[in-house]
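2 protein chains.
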Amino acid sequence: MREHEFLQALHFNAIRGQDGRMVNMSVPIVLSVGDAQRRAIQADGATRVALVDERDRPIAVLSDIEIYKHNKEERVARTWGTTAPGLPYVEEAITNAGDWLVGGDLEVIEPIKYNDGLDQYRLSPAQLREEFARRNADAVFAFQLRNPVHNGHALLMTDTRKRLLEMGYKNPVLLLHPLGGFTKADDVPLSWRMKQHEKVLEEGVLNPESTVVAIFPSPMHYAGPTEVQWHAKARINAGANFYIVGRDPAGMSHPTEKRDLYDADHGKKVLSMAPGLERLNILPFKVAAYDTKQKKMDFFDPSRKDDFLFISGTKMRTLAKNRESPPDGFMCPGGWKVLVEYYDSLVPSEGSSKLREPVAA
Amino acid sequence: MREHEFLQALHFNAIRGQDGRMVNMSVPIVLSVGDAQRRAIQADGATRVALVDERDRPIAVLSDIEIYKHNKEERVARTWGTTAPGLPYVEEAITNAGDWLVGGDLEVIEPIKYNDGLDQYRLSPAQLREEFARRNADAVFAFQLRNPVHNGHALLMTDTRKRLLEMGYKNPVLLLHPLGGFTKADDVPLSWRMKQHEKVLEEGVLNPESTVVAIFPSPMHYAGPTEVQWHAKARINAGANFYIVGRDPAGMSHPTEKRDLYDADHGKKVLSMAPGLERLNILPFKVAAYDTKQKKMDFFDPSRKDDFLFISGTKMRTLAKNRESPPDGFMCPGGWKVLVEYYDSLVPSEGSSKLREPVAA
Chain S
9 MREHEFLQAL
19 HFNAIRGQDG
29 RMVNMSVPIV
39 LSVGDAQRRA
49 IQADGATRVA
59 LVDERDRPIA
69 VLSDIEIYKH
79 NKEERVARTW
89 GTTAPGLPYV
99 EEAITNAGDW
109 LVGGDLEVIE
119 PIKYNDGLDQ
129 YRLSPAQLRE
139 EFARRNADAV
149 FAFQLRNPVH
159 NGHALLMTDT
169 RKRLLEMGYK
179 NPVLLLHPLG
189 GFTKADDVPL
199 SWRMKQHEKV
209 LEEGVLNPES
219 TVVAIFPSPM
229 HYAGPTEVQW
239 HAKARINAGA
249 NFYIVGRDPA
259 GMSHPTEKRD
269 LYDADHGKKV
279 LSMAPGLERL
289 NILPFKVAAY
299 DTKQKKMDFF
309 DPSRKDDFLF
319 ISGTKMRTLA
329 KNRESPPDGF
339 MCPGGWKVLV
349 EYYDSLVPSE
359 GSSKLREPVA
369 A
Chain D
9 MREHEFLQAL
19 HFNAIRGQDG
29 RMVNMSVPIV
39 LSVGDAQRRA
49 IQADGATRVA
59 LVDERDRPIA
69 VLSDIEIYKH
79 NKEERVARTW
89 GTTAPGLPYV
99 EEAITNAGDW
109 LVGGDLEVIE
119 PIKYNDGLDQ
129 YRLSPAQLRE
139 EFARRNADAV
149 FAFQLRNPVH
159 NGHALLMTDT
169 RKRLLEMGYK
179 NPVLLLHPLG
189 GFTKADDVPL
199 SWRMKQHEKV
209 LEEGVLNPES
219 TVVAIFPSPM
229 HYAGPTEVQW
239 HAKARINAGA
249 NFYIVGRDPA
259 GMSHPTEKRD
269 LYDADHGKKV
279 LSMAPGLERL
289 NILPFKVAAY
299 DTKQKKMDFF
309 DPSRKDDFLF
319 ISGTKMRTLA
329 KNRESPPDGF
339 MCPGGWKVLV
349 EYYDSLVPSE
359 GSSKLREPVA
369 A
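Taken in sequence, the protein lines are chains S and D.
Under my numbering, the first residue of the first sequence carries the number 9, and numbering increases by one thereafter.
Under my numbering, the first residue of the second sequence carries the number 9, and numbering increases by one thereafter.
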């Protein structure tokens with residue numbers, strides 16, 4: 009981003025296009041450099057810089073560059089609504105970043121490959137739109153997730169498809185779009201989540217005919233109402249016209265106070281009013297819970313609330329870590345097995361005292 | 009503000025009107041209550057509350073009320089881009105405010121009177137628009153200020169009028185609109201500033217024929233790029249179509265770091281891109297300084313920069329406090345005398361050890 013885009017993202021969560029229309033853009037996408045790199049670029053009088061990968065091969069060119077100040081405190085305050093220490097993405101990507109930002113016109117030389125065995129899932133927005141056209145989708149509904157899919161999620165997605173069919177759409181297609189970038193230490197890593205999602209489709213919990221699974225390469229900001237706009241906008245860009253939003257999207261606990269960082273309703277409210285997202289159809293996320301009478305995940309029925317069991321992400325992780333089984337019907341067996349395998353892989357091997365945590369806490 | 013307006017102000021600096029258009033609104037205007045007041049309202053089942061003055065006389069009615077959480081940390085972070093302690097308006101009006109906000113439809117019973125001898129200057133937006141019509145103004149240019157007017161300011165305003173005449177306007181009128189609400193302790197109080205402004209018109213530094221002096225009743229937030237939008241929007245609302253913006257509008261030093269809180273250029277940049285202010289004409293503030301050769305305030309000429317003396321607000325206050333005179337031509341003599349009188353009035357009277365500071369530091 010150039011500075012005028014960065015400022016608009018921070019202040020307005022939207023950038024005015026050349027036609028005068030507002031395009032939603034709630035999180036800055038910026039490139040930081042330190043003093044030494046800045047001096048090197050400026051001493052050179054360069055107007056273009058190459059972006060290189062870890063082996064120093066150029067992967068993109070930034071032209072007609074401008075260098076401007078990276079005010080980290082202001083960026084964090086306006087994006088997260090707090091500057092409390094302990095925000096995962098801030099500690100990962102901002103605190104130690106350079107004090108300058110380089111903006112310009114970006115040209116990517118060829119599609120980025122991660123070579124991690126998952127590149128076939130990394131479809132660009134254009135590729136996704138092609139895929140939906142190939143499938144003759146007349147409605148696309150997107151589901152953002154960074155967690156394993158349990159049967160409550162699946163029920164929600166299946167029910168959404170049913171509602172879209174009732175609305176008259178002939179072929180609604182689900183974009184199951186797990187986030188592929190940085191997540192906090194206690195989230196399940198992408199490769200394991202992808203294995204789990206494969207099982208969910210293999211075992212028919214979701215119908216492969218009407219489901220496209222792809223990786224959303226963004227890092228997780230945990231920036232609540234600000235980030236949910238980015239999550240929705242990116243999926244609209246990829247061809248979705250319906251977006252499913254739950255309680256407290258992209259939220260987390262306050263890093264230093266005993267409360268949630270965001271009000272659970274603010275994400276949906278802010279999203280529904282966001283500039284540049286006027287044509288977005290928001291589908292509210294119905295709450296599903298484990299129905300102990302019917303022994304399956306079902307939409308919560310307040311008239312017999314004592315029959316329902318809420319199984320939180322923390323509870324799910326604790327069960328899987330302890331190789332315990334969740335109640336029947338909570339998750340398809342193959343999917344659960346993947347989770348247990350993941351947590352098994354973290355247990356220190358005999359003779360080793362080192363925990364093989366994939367992401368440092 | 010209701011919650012949906014509060015959220016839009018914080019996230020988008022603009023509120024969508026019923027016609028779908030964005031109306032600029034960058035600072036929340038909210039009413040806070042504490043737990044006890046909230047409980048009292050809710051126990052009553054009230055849908056309307058009266059707002060009362062310091063003598064408990066009703067001055068307004070808020071109808072169809074809603075009560076929502078006052079997340080102070082998020083409000084401060086998104087408005088100021090920092091949560092550092094020591095922001096003057098935050099300490100004055102937010103830190104000790106209640107944890108709930110009451111929104112609703114506001115009906116003011118009759119215009120608010122301050123009974124401080126300055127009410128004749130408190131013109132509503134409608135009254136200002138009437139005044140401009142009465143004067144047959146075909147252009148109105150607004151100048152926001154919270155400081156005494158020196159001849160550099162006056163030169164800028166006189167020059168702006170000349171430029172508007174050159175553009176073809178027949179009768180450009182200046183709205184000299186000093187801020188009348190809360191200001192920080194080292195700013196000159198409103199009553200003294202109004203006396204100073206009167207002298208500036210009396211002594212012909214500004215032409216009373218083409219100048220309307222009125223009080224802008226807002227408190228000063230010192231919120232830089234966020235607040236300058238409010239300063240401009242409120243003046244457009246009052247009939248202005250040109251707005252003069254200087255460096256670092258509504259800025260201040262960072263309360264805990266040795267730097268300015270905002271980049272000096274961000275105010276003008278953010279204002280020029282703000283949603284809902286598309287029709288605003290921004291007039292850049294030319295820098296004036298004291299020309300020691302010509303012995304008057306003039307636009308800074310970089311080709312003979314050593315001839316110019318920059319007299320900061322701090323320098324000006326120090327001179328007036330010490331009853332020293334500024335260089336000839338810096339400010340009209342009557343105006344300067346008012347400032348000296350003000351600082352004299354702060355000196356502890358003989359036999360008293362108490363400083364009569366009007367606002368606690």
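Hints listed in this document are in silico derivations from the structure and should not be mistaken for laboratory results.
Keep in mind the model is a prediction, meaning the values are calculated, not measured.
Don't take each hint at face value.
No copy labels: a pair is met if it fits in one copy or bridges any two.
Said to hold, decoys possible - Calculated pairs, DSSO-like style, for lysine-lysine (alpha carbon to alpha carbon, straight line, at most 27 Å):
1) 266 with 345
2) 80 with 294
3) 266 with 329
4) 80 with 266
5) 77 with 207
Evaluated hints:
In this assembly of identical chains, the alpha carbons of residue 266 and residue 345 never lie at most 27 Å apart, being 34 Å within a copy and 56 Å across copies at closest. Taking the shortest alpha-carbon separations for residue 80 and residue 294, neither the intra-copy value of 37 Å nor the inter-copy value of 30 Å comes in at or below 27 Å. Within a single copy, residue 266 and residue 329 get their C-alpha atoms as close as 25 Å, which meets the 27 Å cut-off; across copies the closest is 49 Å, which misses it. In this homomeric assembly, residue 80 and residue 266 come within 27 Å of each other (Cα to Cα) both inside a single copy, at 25 Å, and across copies, at 15 Å.
Taking the closest pair of Cα atoms, residue 77 and residue 207 never come within 27 Å of each other, the shortest separation being 47 Å inside a single copy and 42 Å across copies.
Hint violations for this structure: numbers 1, 2 and 5, all remaining hints satisfied.
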